[in-house]
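**Q** The residues making up each chain are set out below.
There are 2 protein chains.
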Amino acid sequence: MEFRFDEALPVLRQTPRALRAWLQGLPVSWTTATEGPGTWSPYDVVGHLIHGERADWIPRVEHLLAHGETVPFPPFDREAMFTGSAGQTLDQLLDRFSALRNTSLARLDALGLTDADLARTGRHPEFGIVTLGQHLATWVVHDMSHVAQVARVMATQYAEAVGPWRAYLSVLGRS
Amino acid sequence: MEFRFDEALPVLRQTPRALRAWLQGLPVSWTTATEGPGTWSPYDVVGHLIHGERADWIPRVEHLLAHGETVPFPPFDREAMFTGSAGQTLDQLLDRFSALRNTSLARLDALGLTDADLARTGRHPEFGIVTLGQHLATWVVHDMSHVAQVARVMATQYAEAVGPWRAYLSVLGRS
Numbered sequence: 160m161e162f163r164f165d166e167a168l169p170v171l172r173q174t175p176r177a178l179r180a181w182l183q184g185l186p187v188s189w190t191t192a193t194e195g196p197g198t199w200s201p202y203d204v205v206g207h208l209i210h211g212e213r214a215d216w217i218p219r220v221e222h223l224l225a226h227g228e229t230v231p232f233p234p235f236d237r238e239a240m241f242t243g244s245a246g247q248t249l250d251q252l253l254d255r256f257s258a259l260r261n262t263s264l265a266r267l268d269a270l271g272l273t274d275a276d277l278a279r280t281g282r283h284p285e286f287g288i289v290t291l292g293q294h295l296a297t298w299v300v301h302d303m304s305h306v307a308q309v310a311r312v313m314a315t316q317y318a319e320a321v322g323p324w325r326a327y328l329s330v331l332g333r334s
Numbered sequence: 160m161e162f163r164f165d166e167a168l169p170v171l172r173q174t175p176r177a178l179r180a181w182l183q184g185l186p187v188s189w190t191t192a193t194e195g196p197g198t199w200s201p202y203d204v205v206g207h208l209i210h211g212e213r214a215d216w217i218p219r220v221e222h223l224l225a226h227g228e229t230v231p232f233p234p235f236d237r238e239a240m241f242t243g244s245a246g247q248t249l250d251q252l253l254d255r256f257s258a259l260r261n262t263s264l265a266r267l268d269a270l271g272l273t274d275a276d277l278a279r280t281g282r283h284p285e286f287g288i289v290t291l292g293q294h295l296a297t298w299v300v301h302d303m304s305h306v307a308q309v310a311r312v313m314a315t316q317y318a319e320a321v322g323p324w325r326a327y328l329s330v331l332g333r334s
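Taken in order, these protein sequences are the chains called C and X.
Just so you know, the first sequence maps onto residues 160 to 334 in our numbering.
Just so you know, the second sequence maps onto residues 160 to 334 in our numbering.
No lab work stands behind these hints, which were simulated from the structure alone.
All residues carry an ideal CB built from backbone N, CA and C; glycine is no exception.
Be aware that one or more of the hints could be misleading.
As the list claims (entries may be wrong) - Examples of chain C residues toward chain X, derived with CB under 7 Å:
| id | residue |
| --- | --- |
| 1 | ARG255 |
| 2 | LEU259 |
| 3 | SER304 |
| 4 | GLY322 |
| 5 | PRO323 |
Start from the sequences and build out the full structure, keeping to the hints where you can.
**A** Structure representation (structure tokens):
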């Protein structure tokens, strides 16, 4: 599929409500579980998504529209949530993510972009020229990648508990 | 983690509402998308989860309690949804899954199982002796594996659209 606003926006709109319906009220043994040292819990993932709303998706859209290829995007700190989420409950993070995503989509709407704008170019600090359409498609895929990550992290907690079924559950990888 | 009823039941309870919050109302270009011939769409996955409620999870619990190791579980048709979902909208499938999951959890509750029962054994048609606890842990992991699958299927639709970001998005695999 090519990126299209009418197809992508509903996905972006529904990610926060999906995460809330899924994670709210679960025992913390799930929401703070990781895949091992240096890996992220569902709680960490929601914090990371919050930081994306603040520092990545719409800020980079506006940066691209303002600067084109002349000024690279500022780097994005993908581990900012380890300090940014401090002291907050998962419920608070889920509410924050939902509010920020709504604001992001309202800002995007206010820009009045058309399909022709999707070919506009900016400069990524690592891999150079990118289009607005590529950046927006990445926003969608980034959401999905972290939904998949949360599911995998939770599944992994039962990697031993499933016994011989492990060989049939590709989400667990192979022991 | 070891399987525990108090930890697992909330996860099982929330999967249907998470899928509804995520998928309801999305353009069909997402919900019927696959990863290629012979692979499943989000619509197919929900149908498969419905069939699991009907033919796998609680039926096998009851089979194990009734027969122990003497009679193997009946085989499970993992592609039954290709006929079972015929003529139904995704909304109808999401409602059906939710209702059947609620019924499953009510049946499980009515069995009054304790932690001691988790060591009770049955016979899987392919890999032999399994415990009730392993079967129930698999139910949870199976949910998570299909949530991850839906996210991956959706992400894959934009595998080309993300341009150079592809190399950073492990959910897309490697081209």
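**Q** Please go over all the hints and tell whether each is borne out by the structure.
**A** Here's how the hints hold up against the structure:
no.	hint	in the structure
1	ARG255	17 Å, violated
2	LEU259	17 Å, violated
3	SER304	4 Å, holds
4	GLY322	4 Å, holds
5	PRO323	4 Å, holds
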